[in-house]
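From first to last, the protein sequence lines are chains A and B. The opening position of the first sequence corresponds to residue 1 in UniProt numbering, with each subsequent residue numbered one higher. The opening position of the second sequence corresponds to residue 1 in UniProt numbering, with each subsequent residue numbered one higher.
Keep in mind that the hints were calculated from the coordinates and are not lab data. We put the CB at the ideal spot given by N, CA and C, even for glycine.
In the BS3-like style, the derived pairs of lysine-lysine whose C-alpha atoms are separated by at most 25 Å in a straight line are:
#	chain 1	residue 1	chain 2	residue 2
1	B	Lys111	B	Lys131
2	A	Lys8	B	Lys140
3	B	Lys240	A	Lys34
4	B	Lys148	B	Lys111
Covered stretches of chain B (chain A as the covering partner; in silico rule of three or more C-beta atoms under 8 Å from a C-beta of chain A):
#	segment
5	203-217
6	229-235
7	297-309
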Amino acid sequence: MSQVQAMKTQVMQLRQEANIQRVNVSQACEELIKYCMEHQKGDILVTGISQSENPFKENKGCVII
Amino acid sequence: MLGMPDFKKPFIIQANASDIVIEAVFLQEYEDRLFSLMYESKEKEDLTPLKEELSGLIEKIKTQIIPLRSSWVMATCFAHSGNYVAVGGMDNMCTVYDVNNRDNTGVAKLKRELAGYEGFLSCCRFLDDGKLITGSADMKILIWDLEKGVKENEFFGHQGDVMTMSLHPDRNTFVTGSVDRSAKLWDIRDAQCQQTFWGHESDVNSVCFHSSGFAFGTGSDDKTARMFDIRGDQQIGIYKPPTPKSGFTSCVLSNSGRLIICGSDDYSIHIWDTLRSEHNSSLPGHENRVTSISLPDNGMALASCSWDTVVRIWN
Numbered sequence: 001m002s003q004v005q006a007m008k009t010q011v012m013q014l015r016q017e018a019n020i021q022r023v024n025v026s027q028a029c030e031e032l033i034k035y036c037m038e039h040q041k042g043d044i045l046v047t048g049i050s051q052s053e054n055p056f057k058e059n060k061g062c063v064i065i
Numbered sequence: 001m002l003g004m005p006d007f008k009k010p011f012i013i014q015a016n017a018s019d020i021v022i023e024a025v026f027l028q029e030y031e032d033r034l035f036s037l038m039y040e041s042k043e044k045e046d047l048t049p050l051k052e053e054l055s056g057l058i059e060k061i062k063t064q065i066i067p068l069r070s071s072w073v074m075a076t077c078f079a080h081s082g083n084y085v086a087v088g089g090m091d092n093m094c095t096v097y098d099v100n101n102r103d104n105t106g107v108a109k110l111k112r113e114l115a116g117y118e119g120f121l122s123c124c125r126f127l128d129d130g131k132l133i134t135g136s137a138d139m140k141i142l143i144w145d146l147e148k149g150v151k152e153n154e155f156f157g158h159q160g161d162v163m164t165m166s167l168h169p170d171r172n173t174f175v176t177g178s179v180d181r182s183a184k185l186w187d188i189r190d191a192q193c194q195q196t197f198w199g200h201e202s203d204v205n206s207v208c209f210h211s212s213g214f215a216f217g218t219g220s221d222d223k224t225a226r227m228f229d230i231r232g233d234q235q236i237g238i239y240k241p242p243t244p245k246s247g248f249t250s251c252v253l254s255n256s257g258r259l260i261i262c263g264s265d266d267y268s269i270h271i272w273d274t275l276r277s278e279h280n281s282s283l284p285g286h287e288n289r290v291t292s293i294s295l296p297d298n299g300m301a302l303a304s305c306s307w308d309t310v311v312r313i314w315n
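Isolated chain A (complex conformation):
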């Protein structure tokens, strides 16, 4: 019986997930692209940093205990 119950819960969960409101990928992606472009300038891994301002410029490895 508990297996039937488990299956019922699973089906209910699947139905819930199937019924959610979805946004069209075209629109969702547009907004993601917009977000990335807007925040790109502040993203140092994308735009880089001058060595004089770089707090990590000593490229030595550290062995952590």
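With chain A held as given, fit chain B onto it using these hints.
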């Protein structure tokens, strides 16, 4: 001590401490040569002055050593406040330490030991200083109340080991990745799985929220990294290295979300441009599997750790 490192220049400290002996090796470059300053104590010697000296040195470089009871650590996490650190792994437990309070042996005080797992602890995240979410190999996701030391809630749904989790920037939801090849989005308040994301063909080893909260990146044993959009409820990007050799163990998105970065079993770190779906570069340097990568809040650099026992900082 044979000598002291010059603290103004970079140095490496390698230390091993047990009840019997303390060994510390300091390595520092001197006139283009690496030389070591080493101390080793003998058995049954009074270790107090050594321990004091070592703790004094450690205070100077502002780090802490917390000896752990188990060496098989797979998950570790700081509370956002920096007050607590949680660790766990093959000991099937999650232990929380208070970083600011030491016990009478000078070590960070143990705050909580959370037991009851039937599998290894793979991931954990603090919601705040009082609440911790954990994911483990027994397919469980649990929320703990750290003040009371009890389970507050359990999230059901994954059909395989839970390997990884990432909190939404607003901390109301989080995403997990599992050996069952799916990633799931959960609502913290009602402990429900809201969405399930399919696409990966093998274990999802790592998930990372996009800073916008709209999407998340994943790294998997199927040798791909992917991006999933939450509102569209599907995969929107797939990222492969030029020669797919090995699975990805870890994954992060840069602060703007423009770059997705994964640590790999092939010893390197791969970077892709998410918008162009292009492989940007791969960072060689580690001499063994890269197990974990991480970004600080300001996104200024990348830290990677590996089975080669080295932590590297990149930018």
